[in-house]
Structures are given as structure tokens and as C-alpha cells.
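Colleague: Please construct the entire structure, taking both the sequences and the accompanying hints into account.
Quick note, the sequences are listed as chains A and B, same order.
Under the UniProt record's numbering, think of the first position of the first sequence as 1, with each following residue one higher.
Under the UniProt record's numbering, think of the first position of the second sequence as 1, with each following residue one higher.
If you are wondering where the hints come from, they were derived from the structure by calculation, not from laboratory data.
Being a predicted model, the structure only gives us computed values, none of them experimental.
Be a bit skeptical, because a hint or two may be false.
Chain copies aren't distinguished; within one or between two, either way the pair holds.
The calculated DSS-like cross-link candidates involving lysine-lysine, where the alpha carbons are at most 30 Å apart (straight line), are [what the hints assert, rightly or not]:
no.: 1; residue 1: LYS155; residue 2: LYS126
no.: 2; residue 1: LYS155; residue 2: LYS7
no.: 3; residue 1: LYS10; residue 2: LYS155
2 protein chains.
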Amino acid sequence: MNTEGDKPLKVAVLGCGVVGSQVVRLLGEQSGDLAARVGAPVEIAGVAVRRLDAPRDVDVPAGLLTTDALGLVTRGDIDVVVEVIGGIEPARSLILAALENGASVVTANKALLAEDGPTLYEAAEKAGRDLYYEAAVAGAIPIVRPLRESLAGDKVTRVLGIVNGTTNFILDKMDTQGSGFEEALEEAQALGYAEADPTADVEGFDAAAKAAILASLAFHSRVTAADVHREGISDVTSGDVRSATDMGCVVKLLAIAELNATESGEEAVSVRVHPAMIPRSHPLASVREAYNAVFVESEAAGQLMFYGPGAGGAPTASAVLGDLVSVARNHRQGTRGVGESAYADRAVLPMGETRTRYHVAIDVDDRAGVLAAVATAFATHDVSIQTVRQEGRGDDAQLVVVSHEATDAQLSATVEELRGMDTVREVTSVMRVEGTDE
Amino acid sequence: MNTEGDKPLKVAVLGCGVVGSQVVRLLGEQSGDLAARVGAPVEIAGVAVRRLDAPRDVDVPAGLLTTDALGLVTRGDIDVVVEVIGGIEPARSLILAALENGASVVTANKALLAEDGPTLYEAAEKAGRDLYYEAAVAGAIPIVRPLRESLAGDKVTRVLGIVNGTTNFILDKMDTQGSGFEEALEEAQALGYAEADPTADVEGFDAAAKAAILASLAFHSRVTAADVHREGISDVTSGDVRSATDMGCVVKLLAIAELNATESGEEAVSVRVHPAMIPRSHPLASVREAYNAVFVESEAAGQLMFYGPGAGGAPTASAVLGDLVSVARNHRQGTRGVGESAYADRAVLPMGETRTRYHVAIDVDDRAGVLAAVATAFATHDVSIQTVRQEGRGDDAQLVVVSHEATDAQLSATVEELRGMDTVREVTSVMRVEGTDE
Chain A
1 MNTEGDKPLK VAVLGCGVVG SQVVRLLGEQ SGDLAARVGA PVEIAGVAVR RLDAPRDVDV
61 PAGLLTTDAL GLVTRGDIDV VVEVIGGIEP ARSLILAALE NGASVVTANK ALLAEDGPTL
121 YEAAEKAGRD LYYEAAVAGA IPIVRPLRES LAGDKVTRVL GIVNGTTNFI LDKMDTQGSG
181 FEEALEEAQA LGYAEADPTA DVEGFDAAAK AAILASLAFH SRVTAADVHR EGISDVTSGD
241 VRSATDMGCV VKLLAIAELN ATESGEEAVS VRVHPAMIPR SHPLASVREA YNAVFVESEA
301 AGQLMFYGPG AGGAPTASAV LGDLVSVARN HRQGTRGVGE SAYADRAVLP MGETRTRYHV
361 AIDVDDRAGV LAAVATAFAT HDVSIQTVRQ EGRGDDAQLV VVSHEATDAQ LSATVEELRG
421 MDTVREVTSV MRVEGTDE
Chain B
1 MNTEGDKPLK VAVLGCGVVG SQVVRLLGEQ SGDLAARVGA PVEIAGVAVR RLDAPRDVDV
61 PAGLLTTDAL GLVTRGDIDV VVEVIGGIEP ARSLILAALE NGASVVTANK ALLAEDGPTL
121 YEAAEKAGRD LYYEAAVAGA IPIVRPLRES LAGDKVTRVL GIVNGTTNFI LDKMDTQGSG
181 FEEALEEAQA LGYAEADPTA DVEGFDAAAK AAILASLAFH SRVTAADVHR EGISDVTSGD
241 VRSATDMGCV VKLLAIAELN ATESGEEAVS VRVHPAMIPR SHPLASVREA YNAVFVESEA
301 AGQLMFYGPG AGGAPTASAV LGDLVSVARN HRQGTRGVGE SAYADRAVLP MGETRTRYHV
361 AIDVDDRAGV LAAVATAFAT HDVSIQTVRQ EGRGDDAQLV VVSHEATDAQ LSATVEELRG
421 MDTVREVTSV MRVEGTDE
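Modeller: Given below as C-alpha cells:
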């Protein structure tokens, strides 16, 4: 199979930050193993950085460093480009230039893939080169390859992912320590799990990008970040977390991609990111601290879960290097691995038509007829109630209602109506319930 | 890349039992998706069975059934052979004949791979064809592909697997219901989780085959079933399970493959199957009922876990079909996927040199000096004690000792010495402790 003898495989690394420096380190430390696994030595041909004199976590020979990333990827002798700069530009232009120049590409860039993946996939297809991105979703956890290869003979019906470590850390602290959101966020920031501006994590933007990529892979369709319904965790209260505990659940920020039926009976993709209550017996419930996990349901395999560190320099670099070995082998053999698969071309279901369950906590007047009025509000919108629990008396009276599955539109109309009712003082908590059998 | 137009890919299925019938069913039901993913229609060319008129779970057109498996694999037009007969012969001869005749092979045959994998890998290499076997370890759980592809840029240091559903079901019942071994086994048999003759599962033979395959993959070395130290669960008592609970642990049958240092300081592979106590906080501890999970530690990625159904017709068929899609794509392109990687060629460490920890429960005379005598026995063999707990008084006095890590030889010599001591009435339980930080 070796068409080029032991000619070294030349790798250009774009970016030498948290991930890039670990990629460079591992390329050095594992060079013997990598050569054996690829079938040829793997050589760093250059490392593109923003500033030559910036401090970095790894020693890079000065001769390899360059600020001219475009010059590096187009210089003609590069076999594989590893893009770990992140963000939309210049990453996109550099990847496109690399593919046009005959290099295969490994990237960890979730934002770019979620925003404009198809442009990149088409360029890779046209160039006859690989574009691999295991590191873009859930860090070190192998999930891209299992979805597009291991489950290629099966029909995936649902993916539930804890794909953001920052928010999982915060929710875990709220659950185990009884912290409020702000307090848990501060702890996450102090420990380096959350950034000074935590918006991308806390408001679900990071998870939404990953949800789009997972949905595309699982359902062989094109789903972009703009298709993802997104709600973050900043409104989750310690009361919500206690309510979850009361019903044997835990609150997690989930990236959900599932096949739902449209009103006309076709299969469409529902893709969303929001906090949800899941039963404590669910495998995802035991994912603690900043770990990630992706739970996959398919028709033949049943329930699978993939668990591990979802971020960090070395774990992400491990995923990048796994891709690098595959891509390098293909490159040497003049073949390609599995590329984009979008043949199913399924539509994305509007959030309103997505079928979920709601947990609703309502402060009510403690008087006869209140329960009947609340039940009527659910019935009016055709939402069936699974359980109602009354807590407290007098001014503290609260009803906790858990619905059966209904469309999100029916559920939110029900909550809207509850909010307008005389007997309802306040709807204190509304949260979706996922991962149950119904 | 398509070198043969839309010429159908012809598949021969050997065996139409629990797994084979599901493979045939899915090949029919998923034919549209499979064609899109492979790039050509996938056609069943024949199904080899022992008896044409046997009852089976799927309708196979009579014209496809044959009792001449060898004739089927050698007839010249077969692209891929799926072997789901199991056992050593005739499976081995059929796979070798298939490869010689230019077919690629997908197999679920753990026993054959663990006993004589190298013969098959060499035949595949010589023929320039693929030999894939995701279904051979942990059923539907993608673990072969992650180990040989996703982690190809990393250094795996340890694999801990719950890879036998029967024994996990039994141990889970002993833990959650307080059942004894016999009672839990009967429940497993009544529910179809254990066979009438449960030896292969209960005595760890099935897990040992999987341990050999996992060790070969993780450490790029050749490890066979004969290299695996094997102990089953038939001696695990409800007292052991209670002792585990007392120290915050749970008993699991683990398949363990890890890098240990030899006395001369080289890296060697320790591979073993035995019941062990693991902390309840360990991700493997929450694997319930007949589920499987494989926990992987690597230098860069850290801790990963892969969880799912480890057996059953449809889950195993899902893994077979995932391989089939990969193999079929390669076959059409005239390329091969990743084959055997045994370059590291590490030695297998004798069990006596393997470093583990022991939990030892000892019935002792309740008199002064007993603890000192027991501690001396440990010290004599250079085994450091982590904790000692005394339980009961008088005739019920019991010492529970948990050691630090030492070689298995030192630990078993210590237990031997304890058994010979005057003050020791009985060593009631000896179990290894795994999955802790030390």
C-alpha cells in the first residue's frame, strides 16, 4: 500500500495555543509510535503563530515558526494541515487554501463547522482530500468516528449530549453543594473551568455548535448552528435543582438531536440545547464535574454512551492526533476516508413542533378549585398531565405538574395561560424533562 | 473514487442464528441507507446455514440458503464475507478461504480471534483485504475502532472492561438484592442472561477472550487467550459483596489490560480477568444489569468510557453492519483500512509480577498481639498496608486489611502465610482492588 516509500509525512500546525502546543508536544514525544502507525515518519513542517515571541507551553524550533499561515499551507510540500486556531476567519480561508493545495485537513474548529461546514465538506470532496474533526465535539471522546463509521449500519434515533464542561461543572456544583448559579459560576471561574466572559458556555452557544455537528452526523443531513434552538443555564435556580431532586432527577444542559415526526408524518430533525431534568438512573446523570458524555440511541444497537474529558489541551490533542494518523494513512495511499454524508437531507423541525415533556412549578392560591383550573389550562391545549403534586399550604401553596409528551408549542401556550390566571400567583419554574421512557 | 459504477456489493453471511438473522434482517430493512453510505447497493449473495429447514427469526429467500459454506465463500463473486457462526472450526477455515478468494471479512468471533488472531491477520495482510471485528468485543459498543483509530495518536496505559453481561447481571443482583451467587445465577438463567451451562461466562472464559483482543489493540502487541490470567465469579460470596459495600466499593468482573513495568524496567502487558472491588464513584461502578462498558486510560486523553449492550442479536448485528459499511467502502476503492498493529511487540507480564492491591478479610482470635502478627506477615513480604479495620469481638473478631500496591506474588505469599498462622482462624475473603488512584 505504501506508494511513497518512507518519505516523511509533512504536517503544518496552525495555532500554538492550549491545543496546538499539546499537538506539537505529542508529535515529538510519540514520533516513533506515530511512524509505526502511519507507516512513515511524521514531520512538523511548520507551526503558524500570531506572534513569534509569544510565550508557549512547548519548545518549537525557531526555524519552524512562522506568522505567515497562508504561505505555510500553500507552499506545496504539506501533506496534512492541523487547524487549531479556532473561530471563523482566518481559519476558514486557511482550510480552503490547504485543501486546494492538495493537503488533507484535521480541525478542532466546532464554530466554523457548525456555521459553514458544507462549504468545507464540498471543498474537501472536490479536492479529493480528507477533512476530519473528531476534536470539534466533546474533546477527547471518540464520537464523530463512532457516529459516522461504527453506527453506519444502524439507524440513530436520538443523541443526548453533555457537551460543555463548564456548564456541567456549574450544574453539578448546584446539585451536590446546593450552590446558586452565581456562586457555582464563580467557583468554575476560580478553577479555570469557566472564562472571565462565560457567555459562550453558559448561554449554550458552544453546546449549540456541537449539537449542529452531532445532528448532521447522526441523521445524514445538513444542520447548522442557526438551526439549533438554544437556551442557556443562567436562569436555572437552586429551586429548579431542588425540584429535580424531589422527582428523582438532576438538571443537565443537554444538546439534543432526535428524529421527530412532522405534522405530515415525515421524519425531521429536532435539534436543541437547553437545561433539562433527567432521571438519576439515566447514564448521563452520573456525569460529574467538567466531564462530557454523549448518549446515543439507535434502532439496533440500543443505548450507547461515550464518556470522557470534553476539553483541555492534551485531551483535545489526543483526538487531533487520532485523526492525523487516519488522514495521514489515507493521504499516503491516495484514498479518502468517509466524508460528509448528507444524503438523507432531512428537514429541521421548528422548536414549536418538537415533542417534549414539561415540569412546571406554580405558586397558587390555596383554595378549592385551583387544581381544577390548572388542569383545565393543560387540557385546553391538549397537554396530558402525568403527575400533580401539591406542596405547602396557604401562602406557600405550590403545584408541581409534570406533563406527558406534547409539542413545545402546546406546552408553552399552556404556561402562557397559567401565567394569566387569577388563581396563579407565579409560574416559578418551567423545565423540560428528557431521558425518560415515554 | 467509485471504480466500479453502481455494481452491487455482494455479501455472503455465514450463520443465521441469533446474530446472523439480525444481520440479514438489517441488510434488508436498511438497504437504502446502506447503499447511500457504501456508494453502491449491498446485496445478500447467500446465507450459509447448518440445516435448510431450521426455524429462524428472519425470512431468507430459499434460493439464498445453502449448507455449503465453503462453496459460498469461494464461488468467486463474493466481495464481503460476514462470519457469525462462532467457535474455532469451521469458522477459521472459512475466513481463510474467503480472504484467499479476495473477499474482505467481518467477524464477531471473539474465541477464534483470541486463540488464533495472528493467523487471520496475516492472511488478511497477504490478501490485501480487510478483517474487521468490532462485534467481537462488547457487542454493540464501538471499542475496536476507537482503540485502533481514535486513540492512534495517544498512548493507552490501561483498559478496564466489564465485557461479560451475564456476570455483570449476577454481580449486580448480588449487590442490589443481597442475593447469593447461586440465586443470582438462577435469576440470570430464568431471564435468558445466562445459559444452562454457564461455565464460559461465569468462569471468565468469554471475558478472557475479549481481554486478549483488547490488550492486543491497546498495546500494539500480540496477546492470546492463553496469556490471560483468568478467575471467574463462582467463588464470590455475599460476604465479599458486603465487604465491598463497607469500603465504598462494588464487585465487578473486570477484564484488565495494562502496561506494567517488569523487574528490569521494561514495559510489559499485564492482562487478566478476575472479580475486583472498584470504588462506587468509578464510572464502571454504575454499569448495571447485563450492560457492558470499557474504561480506557491514556496519557493525553485521560479517562474515557464506552458503554452499551454487550450482547444480543440486534446490538451485535449493528456492530457487524458498521464494519460491513467500512469494509465495503474500502473494497470498492481497492484499499484497506487499518489492519493489525503489533509493532510494539511487548511481552506479557507473568501474573506474579503484576502490581495490584488486595482486600483481605481474616477471622482471628480476639487477643492481644493478633494485629501485630498480621501486620508482620504483610511486612515480611514487603506489602504495605493502607488500612486495617477490626470488626466484631471474641469468636466473631475479624480483621479487614486493604494493602497498597504490590506484586501479585508478594500478596499471595502474604495470604499463604496468614493461612498458616496460629492466631488466624480463616482467611475468609481475598479480592483485588482496582480503579483507585494509587
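Colleague: All hints are to be evaluated individually against the structure, with a verdict given for each.
Modeller: Results of checking the hints against the structure:
Only within a single protomer do LYS155 and LYS126 lie at most 30 Å apart by alpha-carbon distance; the minimum there is 28 Å, versus 34 Å between protomers. In this homomeric assembly, LYS155 and LYS7 come within 30 Å of each other (Cα to Cα) only across copies, at 24 Å, whereas the closest approach inside a single copy is 41 Å. Proximity of LYS10 and LYS155 under a CA criterion of 30 Å is satisfied inter-copy only: 22 Å between copies versus 38 Å inside one chain copy.
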